[in-house]
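Asker: Residues per chain are reported as follows:
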Amino acid sequence: DTGVSQNPRHKITKRGQNVTFRCDPISEHNRLYWYRQTLGQGPEFLTYFQNEAQLEKSRLLSDRFSAERPKGSFSTLEIQRTEQGDSAMYLCASSLGAGDFSGNTIYFGEGSWLTVV
Amino acid sequence: QQQVKQSPQSLIVQKGGISIINCAYENTAFDYFPWYQQFPGKGPALLIAIRPDVSEKKEGRFTISFNKSAKQFSLHIMDSQPGDSATYFCAASGSGAGSYQLTFGKGTKLSVIP
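Heads up: the sequence lines are chains L and V, in that order.
Offset between the first sequence (1-based) and the numbering used here: plus 32.
Offset between the second sequence (1-based) and the numbering used here: plus 96.
What the hints contain is simulated information worked out from the structure, not anything from laboratory work.
All figures in this text were calculated on a predicted structure; none of them were measured in a lab.
Heads up, the beta-carbon is just placed ideally off N, CA and C, and yes, glycines get one too.
Where hints are given, some of them may not hold.
Where chain L lies over chain V, by a calculated footprint (3+ residues, C-beta under 8 Å) [what the hints assert, rightly or not]:
| no. | segment |
| --- | --- |
| 1 | 140-148 |
| 2 | 198-210 |
Going by beta-carbon spacing under 7 Å, a handful of chain L positions derived as facing chain V [said to hold, decoys possible]:
| no. | residue |
| --- | --- |
| 3 | 73 |
| 4 | 74 |
| 5 | 123 |
| 6 | 137 |
| 7 | 140 |
Quick list of the computed label-pair ranges, beta carbon to beta carbon [stated by the list, open to error]:
| no. | chain 1 | residue 1 | chain 2 | residue 2 | range |
| --- | --- | --- | --- | --- | --- |
| 8 | V | 116 | L | 41 | 29 to 35 Å |
| 9 | V | 123 | L | 89 | 16 to 22 Å |
| 10 | L | 62 | V | 123 | 23 to 29 Å |
| 11 | V | 116 | L | 100 | 38 to 44 Å |
| 12 | V | 174 | L | 41 | 33 to 39 Å |
| 13 | L | 70 | V | 178 | 24 to 30 Å |
| 14 | V | 114 | L | 71 | 23 to 29 Å |
| 15 | V | 179 | L | 60 | 28 to 34 Å |
With the hints as extra help, turn the sequences into a complete structure.
Answerer: Below you can see the structure in the form of structure tokens.
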């Protein structure tokens with residue numbers, strides 16, 4: 033079990049540039065989630081995939097954000113025309129099932145820090 | 097609006113003492129209540145979780161107490177150790193539509209001093 037892997041771990045970009053983050057979930061986990069966390073706050077849900085299908089998107093996910101999970105394996109989160117308000121840690125998580133008490137724990141990666149200057 | 101309110105924001109406890117963190121929720125459809133531990137620069141890691149059909153769950157030094165009628169739940173850390181110093185988040189989700197969405201509290205920064 034190698035855990036949820038995220039790359040890059042840190043990214044500094046100029047306002048207006050595009051950035052892309054990659055997430056490799058735990059193998060065989062069919063559910064993949066993206067969350068965003070700012071300093072002093074808890075993670076906030078952004079979007080969710082079951083296999084390759086993106087089933088839900090939060091209102092936090094503006095049109096500048098796009099997430100994909102081709103072939104139901106790794107996922108990418110792209111932010112276009114970055115703004116200073118996008119500065120945050122972007123967390124990816126995965127689970128084998130519903131992530132509920134049935135034991136399908138949601139495992140988080142170590143996050144990708146984005147700083148927009 | 098789904099919300100989970102967590103208190104205190106920060107907590108300082110002597111080594112060997114009991115750390116208590118409280119959370120309250122509004123959505124009665126929530127039926128899964130996990131606690132996550134997060135160290136600086138790391139992602140959240142599941143610590144312990146409870147369902148509302150039990151009032152208490154204990155795993156080692158960590159205990160969740162749950163009060164369904166009050167819509168409150170708390171984390172107790174017994175014999176707190178310096179290694180427990182971290183930020184703790186309570187969270188909640190439901191089993192219906194949107195069950196994959198964990199709603200997190202704002203976190204409690206715990207410092208255990210020797």
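Asker: Confirm or reject each hint.
Answerer: Hints, verified against the model:
1. 140-148: Coverage by chain L holds here, the residue count being 6 at a Cβ distance below 8 Å.
2. 198-210: Since three or more residues must qualify, the claim that chain L covers the segment 198-210 of chain V holds, with 6 doing so at under 8 Å.
3. 73: OK, holds: residue 73(L) within 7 Å of chain V, min 6 Å.
4. 74: holds, 3 Å
5. 123: Holds: closest Cβ of chain V sits about 6 Å from residue 123(L), inside 7 Å.
6. 137: holds, 5 Å
7. 140: holds, 4 Å
8. 116(V) to 41(L): 29 to 35 Å: Holds, since residue 116(V) and residue 41(L) (Cβ atoms, about 34 Å apart) stay within the stated range.
9. 123(V) to 89(L): 16 to 22 Å: holds, 20 Å
10. 62(L) to 123(V): 23 to 29 Å: holds, 26 Å
11. 116(V) to 100(L): 38 to 44 Å: Between residue 116(V) and residue 100(L), where Cβ atoms are some 43 Å apart, the hint holds.
12. 174(V) to 41(L): 33 to 39 Å: Check passed, 34 Å falls within 33 to 39 Å.
13. 70(L) to 178(V): 24 to 30 Å: Holds, since residue 70(L) and residue 178(V) (Cβ atoms, about 27 Å apart) stay within the stated range.
14. 114(V) to 71(L): 23 to 29 Å: holds, 28 Å
15. 179(V) to 60(L): 28 to 34 Å: holds, 31 Å
When each numbered hint is compared with the structure, no violation occurs for any of them.
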